[in-house]
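Trainee: Sequence:
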Amino acid sequence: MSMSFTYPWFLYGLLALAIPVIIHLFELRRPKRVFFSNTSFIQEIKLVTARQQKIKHLLVLLARLGFVLFLVLMFCQPFLPAPQQSRSKDIVKVLVDTSPSMQVQAKEEQTAFDKAVEEARGLTSAYPASTYFELLDKPHQKLTGKAYQAMVEQLGVSGHSTSLIKSASRLFANDRKEQAQVYLFSDFQKNDFSPQLLATLDTTQQVFLVPTADEVGKNVYVDSVTLDDAFVRADADIVIRIRLRNGGNVDANNCQVKLFIGERQAAAFQASVKAGRNSISVVRTRLHSRELQKCRVEVDDFPVTFDNTYYFTLQPAPKIKIEELAANSAVTQQLYANEPLFDYTLSKPYGVNYSTLGTANLIVLQEVPRMEATLRENLRQAVQKGATLVIVPPSELAARQSYNAFFHDLGLTPIQWESIPTGKPVLRDLAAPSLQNPFFKDVFAQQSRPTVMPKAAPVLRWSRSGTEVLQMRDGEGYLAGFPSGEGMVYLFSAPLSGGYSDFANQALFVPVMYRLAIQSYRNNQQPAYRLDEHTIALTLEGKGSGAERVFKLKKDSLTFIPAQREKAGELSFDVPSSMQTPGFYQLSRNGQPITTLAFNFDKRESDLAHYSTQELRAMIGPDRPNVRVYDANAGESVAAQYKAERVGTPLWRYCLGLALACLLAEVLLLRFGKKREPALRTPIATAA
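Note that full-length UniProt numbering gives residue 332 to position 332 of the sequence shown, counting from 1, and the numbers run on in steps of one.
To be clear, the hints were calculated from the coordinates, so they are not data collected in a lab. What you are looking at is a predicted structure, and each value in this text was computed from that prediction instead of being measured. Mixed in with the good hints, there may be bad ones.
To be verified - Simulated crosslink set (DMTMM-like; lysine to aspartate or glutamate; CA at most 20 Å straight-line):
id	residue 1	residue 2
1	LYS321	GLU486
2	LYS554	GLU533
3	LYS319	GLU418
4	LYS258	ASP300
5	LYS455	GLU418
6	LYS455	GLU476
7	LYS555	GLU486
8	LYS319	ASP300
9	LYS146	ASP90
10	LYS385	ASP90
11	LYS294	ASP556
12	LYS321	GLU541
13	LYS166	GLU533
14	LYS441	GLU468
15	LYS294	ASP237
16	LYS603	ASP229
17	LYS56	GLU27
18	LYS319	ASP237
Please take these sequences and the hints and turn them into a complete structure.
Mentor: Take a look at the structure:
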């Protein structure tokens, strides 16, 4: 194997070999003084001294020549060419994974991200100075070695980072045009990196995978926080279900968990979670204020700490707006009007305030004899926007045509009318409600049902809707829910008056109507959001003033102005990519606070299962020689591994060592190579 030079023009420095030769020649011609005690020894002294001096001078000359030779070779940077030569590239593309999972500690008290930054920064030593580098964060921007290193140092972990597979796919697609070498520094999570990505590579693309993660261990994090009842009330018990998950491969025992509501610690408990499994803990607490509460769950888990805190908000529900339309007195008036949770309004069907109708949570249409076109359209629009509509049908024959048109507008399944009885309506028993029906969750105390069931004479019938609330004993529906747009339509099969039903007089009436009102409340603000979500939609209360309405997100001293769209009281905004840290962000409009939103890392980042170096190499196999895997934790830098494999074995260190050895040999020869001469009392003669 022949030796090559990185900088062969330094070989001109070999001309310096003439310097020690010239010094050697002048050294031989310099006269020397020799002392002797007897003239008979002159010839012997000359012979012995000349022989010794000649050997010493030759050794010193060789040491000096060796020092100059190896010093020149060191600057030439010789190397043994690698068996697998890499084509010369003008540009190198680098992708450093900045996802939160990269904060997991690797070896030598370094995180996987710090290790990736260190290795990515060192790539410049493996390429000529003329090579340009390109970071995925700065696409189509060619950087010199120093500019690239400075840019790498500025990288940071972001909760808004794009998934590895999407970033790599985009990088590989662009690389096909430029044929650049591509480096991927990541932990290669199994839920993010797909082996199918490698199948899309062209055989001419040179890709280097660099896993920086180490062994997983345990990692307990909050998977989700849910409420048993979305209708949160102040000074009332609320049940919070905290779902924990262990994203590691080691069981976690007696992990300390704390729940904070505001700055008050509401609960503390211990949980044991097996590797890769879930654990649900139930906490019962209360909110002592009607204001929005900033809540968090803290998990005492080490050494993985980036996901130890889960942020969420709890907002006590405001009064539920109920609009009831009835031609006569409504049987639900006393029920809703006397409850402080409800903002109840009763109107005649011909004197409706359509502006308030559009803002109602629950609309009760009770036995209205005729549905005018304007009323039908306003009700349809309210349901499409998310309102809940309860329809109690009338018994009059004249009302059926307008109701059929209304059912069609709402997109309900074919509704059929029963024939009008000639005499008194025949009442039939209702079946007992199912305890497994989510509608009746926590309605009946101690899992008991009413002993006396209502009776009714239906005037409507329909096919199965899938959301039956109450049924007759013969299986026909009495109260059923039908989705329509963003809202819900609940339809009774019989009037509540006129002898068609005694439902309003039975014990089941109050909890059912109460439940219908509670379920009509919808708060589209979620308790928590992810930093990598694209768009968030919120319903705005009230109408803003002024032509300019700018919404901002603020956290501590940081302020973000997202891309935003506002239409019909709905705000949609994109989560800014510069929002990188979890926590609470205040949403304001023109400086006026609107609400507070909680943001967390994507929970997939907490699942630490990743592909090891051996798994990646097995995944690649022998059929993809253009894809290589470098182990960042192997004790040798990625740049050194690349040079040994693609550039060659550098020999300059050996040249430096030999040069220093020659210099040391010269010093030793000059120090200990002098002839030891006996001290003479009186010199007799001198020979030159």
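Trainee: Taking the hints in turn, state whether each one holds.
Mentor: Hint-by-hint comparison with the structure:
Straight-line distance between C-alpha atoms of LYS321 and GLU486 comes to about 17 Å, which keeps the hinted pair within the 20 Å bound. Annotation: proposed proximity of LYS554 to GLU533 holds, straight-line Cα distance about 17 Å (limit 20 Å). About 38 Å separates the Cα atoms of LYS319 and GLU418, which puts this hinted pair outside 20 Å; it is violated. Between LYS258 and ASP300 the alpha-carbon distance is near 9 Å, which keeps this suggested pair within the 20 Å criterion.
For the proposed pair LYS455 and GLU418, the alpha carbon gap of about 17 Å is at most 20 Å, so the pair holds. Between LYS455 and GLU476, the direct Cα distance comes to roughly 13 Å. Compliance with the 20 Å bound is thereby established for this hinted pair. This hinted pair does not check out: LYS555 and GLU486 have alpha carbons roughly 32 Å apart, beyond 20 Å. Restraint check for LYS319 and ASP300: the C-alpha separation of about 38 Å exceeds 20 Å, so the hint is violated.
For the proposed pair LYS146 and ASP90, the alpha carbon gap of about 16 Å is at most 20 Å, so the pair holds. With a C-alpha separation of about 57 Å, the suggested pair LYS385 and ASP90 falls outside the 20 Å cut-off, and the hint is violated. The hinted pair formed by LYS294 and ASP556 meets the criterion: a straight-line CA distance of about 14 Å does not exceed 20 Å. Between LYS321 and GLU541 the alpha-carbon distance is near 13 Å, which keeps this suggested pair within the 20 Å criterion.
Taken as a hint, the LYS166 and GLU533 pair is honoured in the structure, with Cα atoms around 15 Å apart against an allowance of 20 Å. With a CA separation close to 14 Å, the supplied pair LYS441 and GLU468 stays within the 20 Å bound. The straight-line distance between the Cα atoms of LYS294 and ASP237 is roughly 17 Å, inside the 20 Å bound, and the hint therefore holds. Only pairs whose Cα atoms come within 20 Å are accepted, and LYS603 paired with ASP229 is rejected, the gap being roughly 23 Å.
Note on LYS56 and GLU27: the hinted pairing holds, with a Cα-Cα distance of about 12 Å set against a maximum of 20 Å. This hinted pair checks out: LYS319 and ASP237 have alpha carbons roughly 18 Å apart, not beyond 20 Å.
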